[in-house]
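K.L.:
Whole structure, please, built from the sequences with the hints as guidance.
Keeping their order, the protein sequence lines are chains Y and P.
Heads up, the first sequence is in numbering that gives the first Met the number 0, so the first residue is 0 and it goes up one at a time.
Heads up, the second sequence is in numbering that gives the first Met the number 0, so the first residue is 0 and it goes up one at a time.
I should point out that these hints are in silico values taken from the structure, not numbers from a laboratory.
Quick reminder that beta carbons are idealized off the backbone N, C-alpha and C, glycines included.
Incorrect hints may have been included.
Stated by the list, open to error - Derived DSSO-like pairs: lysine-lysine, alpha-carbon spacing no greater than 30 Å straight-line:
#, chain 1, residue 1, chain 2, residue 2
1, Y, Lys504, Y, Lys151
2, Y, Lys309, Y, Lys504
3, Y, Lys144, Y, Lys37
4, Y, Lys420, Y, Lys511
5, Y, Lys504, Y, Lys144
6, Y, Lys235, P, Lys20
7, Y, Lys176, P, Lys20
8, P, Lys20, Y, Lys420
9, Y, Lys511, Y, Lys309
To be verified - With the C-beta cut set under 10 Å, the calculated list includes, among others, these residues of chain Y facing chain P:
#, residue
10, Arg273
11, Leu284
12, Met382
Unchecked claim - Now the in silico label distances, taken between C-beta atoms and shown as ranges:
#, chain 1, residue 1, chain 2, residue 2, range
13, P, Ser5, Y, Leu661, 48 to 54 Å
14, Y, Ile657, P, Phe70, 49 to 55 Å
15, P, Ser5, Y, Ala50, 48 to 54 Å
16, P, Glu72, Y, Trp222, 33 to 39 Å
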Amino acid sequence: MRSIALCGNPNCGKTTLFNLYTGARQYVGNWAGVTVEKKEGVLSHGDEEIALMDLPGIYSLAPYSPEERITRDYLLQERPDVVINVVDGTNLERNLYLTLQLMELELPMVVAVGMIDAVRSQGGEIDCARLSDMLGIPVVPVSAKTGENTKKLMDTAYKLAQNRQIGYTIPYDSSTKNALVLIAAICAQNEKNRALPLQFYASMLLEEDADAQSRVSLNTGQWEQVSIIQGEYAGKVPADQRQTMLAAARYRVAEKLCGRCERITQHPDESISRRIDDILLNKYLAIPIFLGILCFVFLVVFGPAGRHLKDGMEYLLSDVVAGGARCVLDRLAAPQWIHGLLIDAVLGGVGSVLSFTPQIVLLFAFLSLMEDSGYMARAAFLMDRLLRAIGLPGKAFIPMFMGVGCTTPAVMACRTLENEKDRRLTIMLTPFMSCGARLPIYALFCTVFFQQWQGVMIFCMYLLGMLTAVVVGFLLRHTLFRGDDAPFVMELPPYRLPALGALCKHVWEKSKGFLVKAGTLILLMSVLVWILQNYNLQLDYVQDSSQSMFAGLGHLLAPVFRPLGFGNWQAAVSILAGLVAKETVVSTLTVLCGAGGLETLFTPASAVSFMVFCLLYMPCVSAFACVRREMNSTLWAVGSAALQTGVAYLVALLIYRILVLL
Amino acid sequence: MRSLDSLQPGEAGIVQMVSGKGAIRRKLVDMGVTRGTVVRVRRVAPLGDPLEVLVRGYSLTVRRGDARNIFLEGEPSNA
Numbered sequence: 000m001r002s003i004a005l006c007g008n009p010n011c012g013k014t015t016l017f018n019l020y021t022g023a024r025q026y027v028g029n030w031a032g033v034t035v036e037k038k039e040g041v042l043s044h045g046d047e048e049i050a051l052m053d054l055p056g057i058y059s060l061a062p063y064s065p066e067e068r069i070t071r072d073y074l075l076q077e078r079p080d081v082v083i084n085v086v087d088g089t090n091l092e093r094n095l096y097l098t099l100q101l102m103e104l105e106l107p108m109v110v111a112v113g114m115i116d117a118v119r120s121q122g123g124e125i126d127c128a129r130l131s132d133m134l135g136i137p138v139v140p141v142s143a144k145t146g147e148n149t150k151k152l153m154d155t156a157y158k159l160a161q162n163r164q165i166g167y168t169i170p171y172d173s174s175t176k177n178a179l180v181l182i183a184a185i186c187a188q189n190e191k192n193r194a195l196p197l198q199f200y201a202s203m204l205l206e207e208d209a210d211a212q213s214r215v216s217l218n219t220g221q222w223e224q225v226s227i228i229q230g231e232y233a234g235k236v237p238a239d240q241r242q243t244m245l246a247a248a249r250y251r252v253a254e255k256l257c258g259r260c261e262r263i264t265q266h267p268d269e270s271i272s273r274r275i276d277d278i279l280l281n282k283y284l285a286i287p288i289f290l291g292i293l294c295f296v297f298l299v300v301f302g303p304a305g306r307h308l309k310d311g312m313e314y315l316l317s318d319v320v321a322g323g324a325r326c327v328l329d330r331l332a333a334p335q336w337i338h339g340l341l342i343d344a345v346l347g348g349v350g351s352v353l354s355f356t357p358q359i360v361l362l363f364a365f366l367s368l369m370e371d372s373g374y375m376a377r378a379a380f381l382m383d384r385l386l387r388a389i390g391l392p393g394k395a396f397i398p399m400f401m402g403v404g405c406t407t408p409a410v411m412a413c414r415t416l417e418n419e420k421d422r423r424l425t426i427m428l429t430p431f432m433s434c435g436a437r438l439p440i441y442a443l444f445c446t447v448f449f450q451q452w453q454g455v456m457i458f459c460m461y462l463l464g465m466l467t468a469v470v471v472g473f474l475l476r477h478t479l480f481r482g483d484d485a486p487f488v489m490e491l492p493p494y495r496l497p498a499l500g501a502l503c504k505h506v507w508e509k510s511k512g513f514l515v516k517a518g519t520l521i522l523l524m525s526v527l528v529w530i531l532q533n534y535n536l537q538l539d540y541v542q543d544s545s546q547s548m549f550a551g552l553g554h555l556l557a558p559v560f561r562p563l564g565f566g567n568w569q570a571a572v573s574i575l576a577g578l579v580a581k582e583t584v585v586s587t588l589t590v591l592c593g594a595g596g597l598e599t600l601f602t603p604a605s606a607v608s609f610m611v612f613c614l615l616y617m618p619c620v621s622a623f624a625c626v627r628r629e630m631n632s633t634l635w636a637v638g639s640a641a642l643q644t645g646v647a648y649l650v651a652l653l654i655y656r657i658l659v660l661l
Numbered sequence: 000m001r002s003l004d005s006l007q008p009g010e011a012g013i014v015q016m017v018s019g020k021g022a023i024r025r026k027l028v029d030m031g032v033t034r035g036t037v038v039r040v041r042r043v044a045p046l047g048d049p050l051e052v053l054v055r056g057y058s059l060t061v062r063r064g065d066a067r068n069i070f071l072e073g074e075p076s077n078a
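P.N.:
Following this line, the structure appears as structure tokens:
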């Protein structure tokens, strides 16, 4: 099967084209070893099937970000039959920079000038015929939105795939061209190098790219010759500036191409985006607006709308479906344990998975809306300074904020962070935000012990969660996640009206991912916990849960919590039960202690310590399953759960000891 | 020499050179901040950092610390 790769800058309209061509025949996975999305699809051209690959959006082939490395390795190693380079017509110069780099790979190529409708509506014009002449590459103006020329683009690409012609040379200035030709000639002296795209390696060697230096085999004499050419090319330019000379030369070519082929009538200042930004990024209004938007999203997702949907889902499962199942089982006179396993464990597990779905759908609809419209980049810009203290990018503010609602969707919201290290760190910190399910625990203890201080106490719990996230984040940043910040050099893309189709697709993919991948694990863990709660060590079904393995585990664990002030088995069992969902802590405690039993088991100091522990220890199984899925590693998930529980223990211990001393 | 972070919003300058660590410098250059390019500070984020810089017709965010490594020629202008 012939293969075509789509390649271009982020936000250039590449993915819209990809969706247009492949429709439902696409597969979204991950690139090996990283969590960058890998999108492959199939399209029919005539009676032939063609594999289409949507490569990650990049600005350059320099191997610094995972996206850049993936694209570069894919193009170098897989050598697709044709590259369709999609360039954003509204930002031609910067997009052509990548075009010039791609040309060095010596692959058959066609340039698609996208967003051509937007260019025209701004009163601009691009002379594609002339651009094609100057580059020696077919150039097709397309609009994925209106479908203009998309068929012609694929026809052109297909023709290239058949005859695999490379009739272009990069129109560099003469000194750059000379240097590259000379280096390529030196490389070509070695038999081993001849299979490589030498133009690409010549330019990488000229840029002193370490990765390329290791892949080209040259002897000492040849390396010396290369460095002489580098020296001559650099002339009087200081050594530390040499690496960037070729990049500057590429931009000079891009400037020349744009100067000849592009007519712009609109000054960037007159654009609508600029005017929107004057309000949304206004010195005084920006942060209130941002917080307002987040509060609105929060209220919709976790407030009445989301809650009703969630309750509806739960009703449907626990009353309608479970009720029906109970009837059937009664008819069949099934034993008690089958009842329990099917209704409490399996249906209960399915119910908890499904009950999250409405919230995840809503949250992802909003996140996609923010992402596709271009507002997410602004959010990162606004919050950058605040979060840099713990070494996180500004975007991390959004999952953390959502963590106050529910950890599970919040962990999924970490997807918006591009950098792997940032994402892992944010996933580890998000559970420290006090989620909605922890509130009933505080409420229970506050009504019993701190009637008058209820509001203050609860507020302090939320604050402590945030503070812990900041401190742990700071510590992790200087130990496990050491190293430089990812460079915060980011484009603020023009605002765009999000396409409804793409939005639905995105939300559907995310929800499906949650249901299938995280859902299975949640279900398995729910069943496991149910078995522990309802069977004793002899594997007999027990009616009284205080005889179960769970209770036994609670008895075993109780001494561990003695230093924290609540070394009773009831507390230990309810903490274990909290793994199912944190609000279960309350129901378990009430059952095990009976009415008014809390005062006999807890002192005010140990009550505080217990609340703190519940705030910080590992999140419930749903969140855990999500962390595992998002980290793409069981080890990381277990590690972060252990870290959170360890932190919970230490902080609770510290607070209890201080309170006892007072 | 003047650097980009010394510009007030609305002021522009011409890039003389970009120094600093490899990855960040490479990123800036890839994004089009090359010698001879006109850069203009559009605004400063409400918390004082980063900057929004207009370069080659589009908006780029640059942290103050990195803007300090972008050196400019001549006097700032209000172009």
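K.L.:
Would you list, in rising numerical order, the hints stated earlier that this structure does not obey?
P.N.:
No hint contradicted; all consistent.
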